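Throw the hints in and build the complete structure from the sequences for me.
For the record, the sequence lines run as chains A and B. If you're matching positions, the first sequence starts at 1 in my numbering and goes up one per residue. If you're matching positions, the second sequence starts at 114 in my numbering and goes up one per residue.
Covered, in the sense of this in silico footprint (three residues per stretch, anywhere, with C-beta under 8 Å from a C-beta of chain A), are these stretches of chain B: (1) 148 to 162; (2) 220 to 229.
Taking lysine-lysine pairs in the DSBU-like style, the calculated list, with each CA pair at most 30 Å apart, reads: (3) B:Lys-155 / A:Lys-83; (4) B:Lys-155 / A:Lys-71; (5) B:Lys-155 / A:Lys-70; (6) B:Lys-216 / B:Lys-171; (7) B:Lys-216 / A:Lys-9; (8) A:Lys-71 / A:Lys-9; (9) B:Lys-182 / B:Lys-216; (10) B:Lys-162 / A:Lys-9; (11) B:Lys-216 / A:Lys-70; (12) B:Lys-155 / A:Lys-14.
Calculated from the structure, these hints are not laboratory results. Since this is a predicted model, take the numbers as computed values, not measurements. We put the beta carbon where it would ideally sit given N, CA and C, even for glycine.
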Amino acid sequence: DGGITQSPKYLFRKEGQNVTLSCEQNLNHDAMYWYRQDPGQGLRLIYYSQIVNDFQKGDIAEGYSVSREKKESFPLTVTSAQKNPTAFYLCASSTPGLFWGYTFGSGTRLTVV
Amino acid sequence: AQSVTQLDSHVSVSEGTPVLLRCNYSSSYSPSLFWYVQHPNKGLQLLLKYTSAATLVKGINGFEAEFKKSETSFHLTKPSAHMSDAAEYFCVVSVGVRAAGNKLTFGGGTRVLVKP
Numbered sequence: 001d002g003g004i005t006q007s008p009k010y011l012f013r014k015e016g017q018n019v020t021l022s023c024e025q026n027l028n029h030d031a032m033y034w035y036r037q038d039p040g041q042g043l044r045l046i047y048y049s050q051i052v053n054d055f056q057k058g059d060i061a062e063g064y065s066v067s068r069e070k071k072e073s074f075p076l077t078v079t080s081a082q083k084n085p086t087a088f089y090l091c092a093s094s095t096p097g098l099f100w101g102y103t104f105g106s107g108t109r110l111t112v113v
Numbered sequence: 114a115q116s117v118t119q120l121d122s123h124v125s126v127s128e129g130t131p132v133l134l135r136c137n138y139s140s141s142y143s144p145s146l147f148w149y150v151q152h153p154n155k156g157l158q159l160l161l162k163y164t165s166a167a168t169l170v171k172g173i174n175g176f177e178a179e180f181k182k183s184e185t186s187f188h189l190t191k192p193s194a195h196m197s198d199a200a201e202y203f204c205v206v207s208v209g210v211r212a213a214g215n216k217l218t219f220g221g222g223t224r225v226l227v228k229p
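Right, here's the structure in full:
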């Protein structure tokens with residue numbers, strides 16, 4: 001079955017550490033996205049990529065970095081510069097166009113300990 | 114710029130009664146509109162989408178939504194709530210600026226509680 005796989009499901013980070021969240025899709029989608037979700041809030045866009053080797057900052061990119069070396073993969077690194085990283089992180093993909101929604105992964109819950 | 118407002122942060126219904134989740138949008142262009150559902154600690158699942166065809170859109174699990182341009186609304190309804198409908202629901206708008214990619218703007222979410 002085609003879909004998006006995010007790993008790990010739960011991740012714990014110590015203060016000052018960088019951590020990388022994995023996102024892999026086998027849908028042959030061109031575009032991929034990272035969102036952050038905080039309790040009681042909607043989703044906020046961190047980074048997105050429309051094609052391989054290209055990505056753009058979203059609304060809250062500070063303290064995060066991404067790469068898009070392969071069409072299938074769009075890992076997100078939460079750096080030590082991100083002061084409040086505890087959140088639920090969702091990866092999504094789509095075929096660019098007006099009428100397509102996104103396919104979402106099942107998310108990674110990151111907690112700072 | 115576009116924006117989405119979900120008018121209720123929480124909705125509580127009894128099993129078997131109708132569900133209404135309200136959504137208003139703002140957009141400078143003709144939008145595409147979506148409703149997504151999220152169960153606890155899960156990703157988002159697409160319920161239905163409006164893409165300028167019929168204004169009454171039917172989705173999965175008995176949900177439907179009506180696009181009303183004059184009211185800039187896209188309310189989600191279901192005639193009879195089931196316990197499995199307890200989740201968070203997001204109204205989403207997409208405006209096509211192809212050069213900028215297909216970015217979606219999310220509402221703040223409505224959490225639905227279904228009482229037995």
